[in-house]
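One line per chain: the protein sequences are A and B, in this order.
Start counting the first sequence at 43; every next residue gets the next number (this note's numbering).
Start counting the second sequence at 43; every next residue gets the next number (this note's numbering).
Simulated from the structure, these hints should not be mistaken for laboratory data.
It is possible that some hints are incorrect.
Pairs involving identical chains hold if they fit within one copy or between any two copies, as the list cannot separate such chains.
Unchecked claim - With a straight-line cut-off of 27 Å between C-alpha atoms, the simulated DSS-like cross-links for lysine-lysine are: (1) K428 / K229; (2) K229 / K158; (3) K229 / K199; (4) K222 / K428; (5) K44 / K158; (6) K139 / K419; (7) K222 / K183; (8) K139 / K450; (9) K428 / K254; (10) K450 / K199; (11) K139 / K428; (12) K44 / K419; (13) K450 / K265; (14) K428 / K183; (15) K254 / K199; (16) K428 / K265.
Bear in mind the structure is a predicted one, so any value in this text is a computation, not a measurement.
The residues making up each chain are set out below.
Number of protein chains: 2
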Amino acid sequence: MKAEILSIGTELLLGQITDTNAAWLAEQLPTLGIDLFFISQVGDNRSRLTEVLRTAWNRSDLIICTGGLGPTEDDLTREALSDLLGETMVVQAELEKNLREFFSRRNVRMPERNLKQASLIPSAQAVENPIGTAPGWWIEKEGRVILAMPGVPHEMKNMWQTQAVPRLRNRLPGEVILSKTLKVLGKGESIIEEMVGEMLSSTTPTLATYAKPDGVHLRLTAKAQDELTARGHIFQAELELRALLGTLIYGVDEETVEGVIGEMLQDRGLTLAVMEAGTGGLLAAMLSDAPSSPEFFRGGLVSQQRAMLSQWGIDRELMEMHNIMSREVVEAMATAARQAMGAEAGLAICASAGPDDFEGQTAGHIFMAVDLDGTIKSTDAFYRTKPPEVKRMAVTVALNLLRRALLK
Amino acid sequence: MKAEILSIGTELLLGQITDTNAAWLAEQLPTLGIDLFFISQVGDNRSRLTEVLRTAWNRSDLIICTGGLGPTEDDLTREALSDLLGETMVVQAELEKNLREFFSRRNVRMPERNLKQASLIPSAQAVENPIGTAPGWWIEKEGRVILAMPGVPHEMKNMWQTQAVPRLRNRLPGEVILSKTLKVLGKGESIIEEMVGEMLSSTTPTLATYAKPDGVHLRLTAKAQDELTARGHIFQAELELRALLGTLIYGVDEETVEGVIGEMLQDRGLTLAVMEAGTGGLLAAMLSDAPSSPEFFRGGLVSQQRAMLSQWGIDRELMEMHNIMSREVVEAMATAARQAMGAEAGLAICASAGPDDFEGQTAGHIFMAVDLDGTIKSTDAFYRTKPPEVKRMAVTVALNLLRRALLK
């Protein structure tokens, strides 16, 4: 099955947004055994969009569109698909009913222009979008499939996973493709690639690495005639990777580092409290995303002002002697967080996130500490990058510090 | 001049990297008055690459390629351009000399396969690449221009700015394109579009709307013979939009809602403290991103546990009577945040972010309150979407609540 992705929206052609939808979809397709040959971005222009669709129609079996399904005059994907196939759009009573209910549940009057989101052409089926107003279109015609999804990333991803993947699986040959992702924290992509060595050129299963915000992902993909064989290939390769990488691996597939930490804490009946200066709440936000967060996460104290830190139990003299951005202060913060909120584990960050130096520390210098029942570990690191990136790295390194303390 | 971008590399089709080169170039082109109509990503395959180049050749005046100029067998941009134009590549003595010097300066033997980087076809000129081994190609033929640049972002950007822009300016008419974005919070995209009405079909300047995480963006773009005229068109349209939308508009271009709030607070010499239950620190994180955050932002208290909220000053009986997820409790939290951290303004969120109901409130129900020097305003809202989205909406609505309180 030869696939092609079309990302639709003038904002892509003005560089106002980067096409992350296409990159995300491109990563999903190999797990279905679908080969992707082309990606295109095109603006909100009916004739150019139709032209690009026609090129795709002539060279691909599966065309995946994102964007252009909104209610406005700029949203022209439905119109272009109608032009391509020479079919006429008709409002569907059932879709209209769903759409009106969507608005009435929110106590909002439905603007009449939204009505076109309830339209279909004869060869299209509606694809459910439980979290937005625009249903997708699934078109099967002349041996080809066109899937049109919204451009809003979370709506697109939801529709892809819950609606598109099952439909696509039904059309694929009897081959089974399985994949599994191992997630690693603590070393960079090139070091990990050296550590796994020749496994990178193996074909059963294949191994690909991806540098992601939550570490390096190693994705194994096995193709076989039956599921058991595919599963066997992956199992064997996972054993080899685990032998090579050990506890650098923190989780698999959908597991997150915060989720893994949450499980480790709960298994041992521990709770966690955090204090952060310079990351502004990102550490607390990440921990709150763990599914079991209400059980293990006591809370977070966020400030980079000395007066507040002092109020929360950090000794003023210590701050004067060592500065806030120091191993000494971050260790005191981990302990203070733990004690102030009655938790067994305390985690703290002091980050000079930039763009300017903060409290005498070069922008990019970060300090992290964990206090686990009185046993303290701390570390520091330096990232010469932009503030949002520095904050994200600080949170990731801090979570990994806690994970490693809990492993002992 | 109708332009098109081709990004070349199989890694783009596997989702291993996102095409940031195309987004960067797309942002540069409007400043030259060049219209970009298409972007495509294609893999390292000679026939598909030639096919995509042919499509571009038939519909565009300027084709900008990135990638595929390296020395390996996978680097096929030169070969595909030769195929497209029916010309033969020949190694150029002068380019070969430069290339050998590049390697000898680094005391590295030049691999013989690099020699193809010293080749040209008759209609191509070499474009200097002072920071890499691959010169670009500049082709002028049959009224069209093809520019091939390396895929390594910093080499590409350097070549674009120092070599390509001057050559392009020589070929362009004296047209200027300017754009300005107004940002709106408080109403959805379709309602805003109804409010601005026929301005959406205006051509001088054009108006386009975008639904973004930080509200609706309205982008005005004007094309004119000189900068003053373009600026005048945008100024006039901005006045009309401000008359229609009033204080729904919170900022322009690079301004953020947290930055605007920071400025309002600083203008009035006020500081801010927050307390959040259910958004896990996201509100604090957003406020910490404001450039002036160290001056106005005292800090944040983050927890959804009753014991912690009680410790931070929320009356236990109030929580028992109304539940945490209520207008009454969120108002008490705004006041408690303000008082606990000695700030003039307090902002609070209680969000039942889901996936499960929390503290008796349906997942998706959110409560926000602001206490400005003792004057309290609160509101609630409901979003039937995923937890990360509910949290993001809660933070956005809360920031807008504070902004509106500060406007009074």
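So, going through the hints one by one against the coordinates:
no.	hint	result
1	K428 / K229	within (20 Å within a copy, 32 Å between copies)
2	K229 / K158	between (50 Å within a copy, 21 Å between copies)
3	K229 / K199	between (29 Å within a copy, 25 Å between copies)
4	K222 / K428	between (32 Å within a copy, 25 Å between copies)
5	K44 / K158	neither (30 Å within a copy, 31 Å between copies)
6	K139 / K419	neither (59 Å within a copy, 36 Å between copies)
7	K222 / K183	neither (33 Å within a copy, 43 Å between copies)
8	K139 / K450	neither (57 Å within a copy, 41 Å between copies)
9	K428 / K254	both (16 Å within a copy, 22 Å between copies)
10	K450 / K199	neither (37 Å within a copy, 41 Å between copies)
11	K139 / K428	between (48 Å within a copy, 23 Å between copies)
12	K44 / K419	neither (52 Å within a copy, 56 Å between copies)
13	K450 / K265	neither (38 Å within a copy, 64 Å between copies)
14	K428 / K183	neither (48 Å within a copy, 34 Å between copies)
15	K254 / K199	both (18 Å within a copy, 17 Å between copies)
16	K428 / K265	neither (41 Å within a copy, 33 Å between copies)
This entry does not satisfy hints 5, 6, 7, 8, 10, 12, 13, 14 and 16, going by the numbered hints stated previously.
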